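K.L.:
Work out the full structure: start from the sequences and follow the hints.
In order, the protein sequence lines correspond to chains E and W. 111 is the number of the first residue of the first sequence in the numbering used here; add one for each residue after it. 111 is the number of the first residue of the second sequence in the numbering used here; add one for each residue after it.
Treat the hints loosely; a few may be bogus.
Where chains are identical, the list cannot tell them apart; a pair therefore holds if satisfied intra-copy or between any two copies.
DSS-like cross-link-like pairs, simulated, lysine-lysine; straight-line CA separation at most 30 Å [to be verified]:
1) 248 / 181
2) 272 / 138
3) 297 / 413
4) 248 / 297
5) 446 / 133
Hints listed in this document are in silico derivations from the structure and should not be mistaken for laboratory results. Owing to the predicted nature of the structure, the values given are computational and were not obtained by experimental measurement.
Residue-level listing of the chains:
Protein chains: 2
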Amino acid sequence: MNNTNRTDVNTLGEFGLIEHLTKQTQLKHPSSIYGIGDDAAVLSSSSGLTVVSTDMLVEGIHFDLMYTPLKHLGYKSVVVNLSDIYAMNALPKQITVSLAISNRFSVEALEELYAGIHQACDFYNVDLVGGDTTSSQKGLYLSVTAIGETDADRISYRNTAKIGDLLCVTGNLGAAYLGLQILEREKQIYLANPGVQPDLDQSSYLIERQLKPEARRDMINLFAKNQLVPTAMIDVSDGLASELFHICRQSGVGAYIEESGVPIHPEAEQQAIKFQLDPITCALSGGEDYELLFSVRPEDLDKVKFLPDTYIMGEVVAPDDGIRLHTKGGNIHDLKAQGWKHF
Amino acid sequence: MNNTNRTDVNTLGEFGLIEHLTKQTQLKHPSSIYGIGDDAAVLSSSSGLTVVSTDMLVEGIHFDLMYTPLKHLGYKSVVVNLSDIYAMNALPKQITVSLAISNRFSVEALEELYAGIHQACDFYNVDLVGGDTTSSQKGLYLSVTAIGETDADRISYRNTAKIGDLLCVTGNLGAAYLGLQILEREKQIYLANPGVQPDLDQSSYLIERQLKPEARRDMINLFAKNQLVPTAMIDVSDGLASELFHICRQSGVGAYIEESGVPIHPEAEQQAIKFQLDPITCALSGGEDYELLFSVRPEDLDKVKFLPDTYIMGEVVAPDDGIRLHTKGGNIHDLKAQGWKHF
Numbered sequence: 111m112n113n114t115n116r117t118d119v120n121t122l123g124e125f126g127l128i129e130h131l132t133k134q135t136q137l138k139h140p141s142s143i144y145g146i147g148d149d150a151a152v153l154s155s156s157s158g159l160t161v162v163s164t165d166m167l168v169e170g171i172h173f174d175l176m177y178t179p180l181k182h183l184g185y186k187s188v189v190v191n192l193s194d195i196y197a198m199n200a201l202p203k204q205i206t207v208s209l210a211i212s213n214r215f216s217v218e219a220l221e222e223l224y225a226g227i228h229q230a231c232d233f234y235n236v237d238l239v240g241g242d243t244t245s246s247q248k249g250l251y252l253s254v255t256a257i258g259e260t261d262a263d264r265i266s267y268r269n270t271a272k273i274g275d276l277l278c279v280t281g282n283l284g285a286a287y288l289g290l291q292i293l294e295r296e297k298q299i300y301l302a303n304p305g306v307q308p309d310l311d312q313s314s315y316l317i318e319r320q321l322k323p324e325a326r327r328d329m330i331n332l333f334a335k336n337q338l339v340p341t342a343m344i345d346v347s348d349g350l351a352s353e354l355f356h357i358c359r360q361s362g363v364g365a366y367i368e369e370s371g372v373p374i375h376p377e378a379e380q381q382a383i384k385f386q387l388d389p390i391t392c393a394l395s396g397g398e399d400y401e402l403l404f405s406v407r408p409e410d411l412d413k414v415k416f417l418p419d420t421y422i423m424g425e426v427v428a429p430d431d432g433i434r435l436h437t438k439g440g441n442i443h444d445l446k447a448q449g450w451k452h453f
Numbered sequence: 111m112n113n114t115n116r117t118d119v120n121t122l123g124e125f126g127l128i129e130h131l132t133k134q135t136q137l138k139h140p141s142s143i144y145g146i147g148d149d150a151a152v153l154s155s156s157s158g159l160t161v162v163s164t165d166m167l168v169e170g171i172h173f174d175l176m177y178t179p180l181k182h183l184g185y186k187s188v189v190v191n192l193s194d195i196y197a198m199n200a201l202p203k204q205i206t207v208s209l210a211i212s213n214r215f216s217v218e219a220l221e222e223l224y225a226g227i228h229q230a231c232d233f234y235n236v237d238l239v240g241g242d243t244t245s246s247q248k249g250l251y252l253s254v255t256a257i258g259e260t261d262a263d264r265i266s267y268r269n270t271a272k273i274g275d276l277l278c279v280t281g282n283l284g285a286a287y288l289g290l291q292i293l294e295r296e297k298q299i300y301l302a303n304p305g306v307q308p309d310l311d312q313s314s315y316l317i318e319r320q321l322k323p324e325a326r327r328d329m330i331n332l333f334a335k336n337q338l339v340p341t342a343m344i345d346v347s348d349g350l351a352s353e354l355f356h357i358c359r360q361s362g363v364g365a366y367i368e369e370s371g372v373p374i375h376p377e378a379e380q381q382a383i384k385f386q387l388d389p390i391t392c393a394l395s396g397g398e399d400y401e402l403l404f405s406v407r408p409e410d411l412d413k414v415k416f417l418p419d420t421y422i423m424g425e426v427v428a429p430d431d432g433i434r435l436h437t438k439g440g441n442i443h444d445l446k447a448q449g450w451k452h453f
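P.N.:
The following block contains the structure:
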């Protein structure tokens, strides 16, 4: 935080601070009747389903402010919640944001954070309708709740994958994890020798995937346009393997994945090798990609085959067949769910 | 925390922990289609308005675990959010709960916390539909979001009080603040001499108002039964004066309050005097009472006069007349909003 101006949050007080940070908020949705400024936000109900998701992001656990600009953090904290709404095959409409901050954060720092929050709200067309701001004894805590809508015949749960369904994934996997490894490496170099400038230009794609991920709103629109409803869906926040385990356990099925079907970006592949890591391991266990993992009925093959940026990587199988990976080398082995552990 | 058994949360892992703590959750509302276990909770929409409120509670800022049993904390964390929903003249239906915990909390400690959360959900007839559990570097952070419903012609905002309206308040004020002062006093005595047993029996009402407050669901039902819609309403979380300022500022009005109309419980009055505090100051600035402050049209006087546990304490006046208190001694002075400061 290189702010030359530093305004203590106490100069505004709690209510003044919320007002200051949210005054630019404009409600975009007709369903957002009343936003910030009362005991609760007021939304009008439509005839469909409402979906609600909430996430807590903790400094030192989920993010490191040494290399995370506050604007990016604000943006990402919204995106990770919207990703959960998209993973229900729903469209987010509103969010609330609660903050707990220690007194080391200035008003200018919080303005940066909210600039990112507002940018994400604009880009994803959601309304910031409420929140709470309080102090913490140490560090920054961000709790975001997202609210979305969908139709009863379009919702995609995790527990409804069927044997024979095709398993698909969007985008590419592992890049966010490798971006994090680069940032951690540069942090260590900096800590050892503060005079050295970080060398990040070569890795801008990987770093952007880590610091400013995007959620797959485009896929939800494409599903609707192509009259496709995934039989099950989840977003890839903890790593592909972990998400696959959630779908299989909750649906009571197994999965068979082709390594050659798991999309990995060339830069991620090269960076993994530089770090002496196996690219497929980064893709399976890396996390924070915010891509969508979903299953479709086999008769929807033609619909899914021509979806852009979508990869068919396997099949839903009987539970007794387990969750297995067919490697490029021709071996078949059991997958392990090694998602991010935050305890 | 006197748990003789201490199970490290790491033995369960993040997903195991959520499952363990929420397995007794049963959905009570037809509108709660799907609760914990997917990317988002799924609610069906009714034809009315949805209201959403969120609060963050921070250890060392909002609560002190030296004298706050975790079960009470869980209960209170739900109640304070429901209170915001009632303050919109709405009925809460669902909540989500996110936690950040340091590794000093055992599984048994979190079970206690969730026992209180479940008890509040049962008592207030709301469904726990989602949440997030993660680790903190230090302390306990609780973020609760409540979702409720009401009809478009029954909602009560803060910014709609009109000149001439009667100002009313429920229950009694200041008791929670005095309960806190007693708990703080006993904490200091204990810290100075751990052998001394706390003397709390004499003050059970005040302490209960602090540790296990209730929200005024009964009033919302009474309003409906009596076909009364407050012209404006807010819950008393930061102190009566502070809430009055919110209503006046947002409605563009002033207020005139009779000290004799501000309800104070006899035990609160006596305890204030013992602490050499002015009882009316405790009532005006104490906070955490979770009573309802509301305004009604003058023609609704007959409806409000016979509401149980409701006190008419003043009138909405022109903005130029300010926000003033007519004391029992016959003086009139300007009120100051001295709500709780958390920065």
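K.L.:
Run every hint past the structure and note whether it holds.
P.N.:
Status of the hints after comparison with the structure:
no. : hint      : result
1   : 248 / 181 : both (20 Å within a copy, 24 Å between copies)
2   : 272 / 138 : between (38 Å within a copy, 29 Å between copies)
3   : 297 / 413 : neither (45 Å within a copy, 66 Å between copies)
4   : 248 / 297 : both (21 Å within a copy, 23 Å between copies)
5   : 446 / 133 : between (47 Å within a copy, 25 Å between copies)
The structure fails to meet hint 3 from the earlier list, while all remaining hints are met.
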